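Q: Respectively, the protein sequence lines represent chains A and W.
Under the working numbering, the residue at position 117 of the first sequence is numbered 117, and the numbers go up by one with no gaps.
Under the working numbering, the residue at position 103 of the second sequence is numbered 103, and the numbers go up by one with no gaps.
Derived by calculation from the structure, the hints in this document are not laboratory data.
Predicted, not measured: the structure shown is a model, and the values here were computed from it.
Be a bit skeptical, because a hint or two may be false.
Lysine-lysine pairs mimicking DSS-like chemistry, simulated, CA-CA at most 30 angstroms apart [stated by the list, open to error]:
1) LYS86/A to LYS10/W
2) LYS10/W to LYS60/A
3) LYS10/W to LYS105/W
Simulated restraints, written as ranges between beta carbons of each label pair [said to hold, decoys possible]:
4) TRP90/A to ILE74/W: 31 to 39 angstroms
5) TRP76/W to THR94/A: 33 to 41 angstroms
6) ARG68/W to LEU96/A: 24 to 32 angstroms
7) PRO69/W to TRP90/A: 15 to 23 angstroms
8) TRP59/A to LYS50/W: 17 to 25 angstroms
9) ALA13/A to ILE29/W: 23 to 31 angstroms
10) LYS88/A to VAL73/W: 40 to 48 angstroms
11) SER11/A to VAL125/W: 26 to 34 angstroms
12) VAL125/W to LYS86/A: 41 to 49 angstroms
13) LYS86/A to VAL116/W: 33 to 41 angstroms
Computed, partial: chain W to chain A, Cβ under 10 angstroms [stated by the list, open to error]:
14) THR9
15) LEU34
16) VAL82
17) ARG102
18) TYR103
19) HIS104
20) LYS105
Yeah, the Cβ is synthetic: ideal placement off N, Cα and C, and Gly gets one too.
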Amino acid sequence: MSYKNLGSKNSGAPGWLFQRITGIVLIVAMVGHYILMHYTPTSGHSFASTFERMQNPLWKVFYLSFVVVGIYHGLNGVWGVVRDFKIKKWLSITILGFILIAGISFAVFGFMNVLSF
Amino acid sequence: MSMYQSSWTKVMMRYHRFAGSWAWILHRISGLALTAYIFMHIIALSNLQKWKSDKGVAFDEEMALFSRPFFLVIEWLLFAFVLYHTLNGIRIVLVDFANGARYHKQLHYAVLAIGVVAFLVMGYVIFSHQVNKTVAMLF
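The following block holds chain A by itself, in its conformation from the complex:
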């Protein structure tokens, strides 16, 4: 019911489609991320290599979008789990509020990590 009470004109289809699109984007990004981070014991995650990457604006754009897409996919998934339970309207609004606040604050925190360079 939580879902029906919130924006009942919304079929949920856009969220469903975005979940698949962001999922496919994340598969490509994660394969690259894993190769970069695990190719050698320190490849990718020493401060020197991180600093070097962050001098390139394209890498910054990549990480900023990685943060946004990753958090969106994760929290849209959490909201999908919540929607499967029959809960009171006030509770679903509260949970959605927590999800939005958590998503925005962690995205800002992730942006601060990237933009400190």
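Please arrange chain W on chain A, whose structure you already have, making use of the hints.
A: Coordinates of chain W only, in the frame set by chain A:
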């Protein structure tokens, strides 16, 4: 009451025998865990923000901690979650967009088979680094 509960249990057990429902449950558990992880990951990387005052020392120390064998095992388990969620995600996309509903069970077993192989390969990649480092330290 007890009759009701025993039949409820029976229904649940029967329900869970299907490949699709196991895939669904595992996808949710791994998804929730990975969402928790991405928050932790962002907090852990916040040491990068100190680089102007400490030249990245705090970050490198943290990464050295995460390269210890205990964390390598944790990292390997994390990869199991990432791997299952990735492979089953591909299965979901095929079911939704490529008529995969007709062969979703075969896809589920393919996911498990590919997953086990990829998990072992990743274990080799992670721990061979550690073996090489230990050998290099000894000689």
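Q: With reference to the structure, classify each hint as holding or not holding.
A: Structure-based check of each hint:
Between the alpha carbons of LYS86/A and LYS10/W the distance comes to roughly 23 angstroms, so the proposed pair stays at or under 30 angstroms and holds. This hinted pair does not check out: LYS10/W and LYS60/A have alpha carbons roughly 53 angstroms apart, beyond 30 angstroms. The suggested pairing of LYS10/W with LYS105/W holds, with an alpha-carbon distance near 22 angstroms, which does not exceed 30 angstroms. Between TRP90/A and ILE74/W the beta carbon distance is about 38 angstroms. The supplied range of 31 to 39 angstroms therefore holds.
At about 37 angstroms, the CB distance of TRP76/W to THR94/A agrees with the hint of 33 to 41 angstroms. Taking 24 to 32 angstroms as the suggested C-beta distance range, the pair ARG68/W and LEU96/A does not conform, at roughly 39 angstroms. Look at PRO69/W against TRP90/A: about 48 angstroms separates their beta carbons, and that is not inside 15 to 23 angstroms. Range check, TRP59/A to LYS50/W: about 20 angstroms between beta-carbon atoms, so the 17 to 25 angstroms window is met.
Checked against the hint of 23 to 31 angstroms, the C-beta distance between ALA13/A and ILE29/W comes to roughly 25 angstroms, which is consistent with it. Separation of LYS88/A from VAL73/W is about 42 angstroms and conforms to the stated range, judged on CB atoms against 40 to 48 angstroms. The beta-carbon spacing between SER11/A and VAL125/W, approximately 43 angstroms, falls outside the hinted interval of 26 to 34 angstroms. The hinted window of 41 to 49 angstroms between VAL125/W and LYS86/A holds, with their beta carbons roughly 45 angstroms apart.
For the pair LYS86/A and VAL116/W, the beta carbons lie near 37 angstroms from each other, so the given range of 33 to 41 angstroms is met. Using the Cβ-Cβ criterion of 10 angstroms, the hint placing THR9/W at the interface with chain A is not satisfied: the shortest such distance is roughly 20 angstroms. Checking LEU34/W against chain A: minimum C-beta separation of about 6 angstroms stays under 10 angstroms; hint holds. Here the hint on VAL82/W is kept, as its CB sits about 7 angstroms from the closest CB of chain A, short of 10 angstroms.
Violation of the interface hint for ARG102/W is found here, the shortest Cβ-Cβ separation to chain A being roughly 19 angstroms, above the 10 angstroms cut-off. Checking TYR103/W against chain A: minimum C-beta separation of about 18 angstroms lies over 10 angstroms; hint violated. Against a cut-off of 10 angstroms between C-beta atoms, the interface hint on HIS104/W is violated, since the closest Cβ of chain A lies about 15 angstroms away. With a least beta-carbon distance of about 21 angstroms to chain A, the hint placing LYS105/W at the interface is violated under the 10 angstroms criterion.
The structure shown violates the earlier hints numbered 2, 6, 7, 11, 14, 17, 18, 19, 20.
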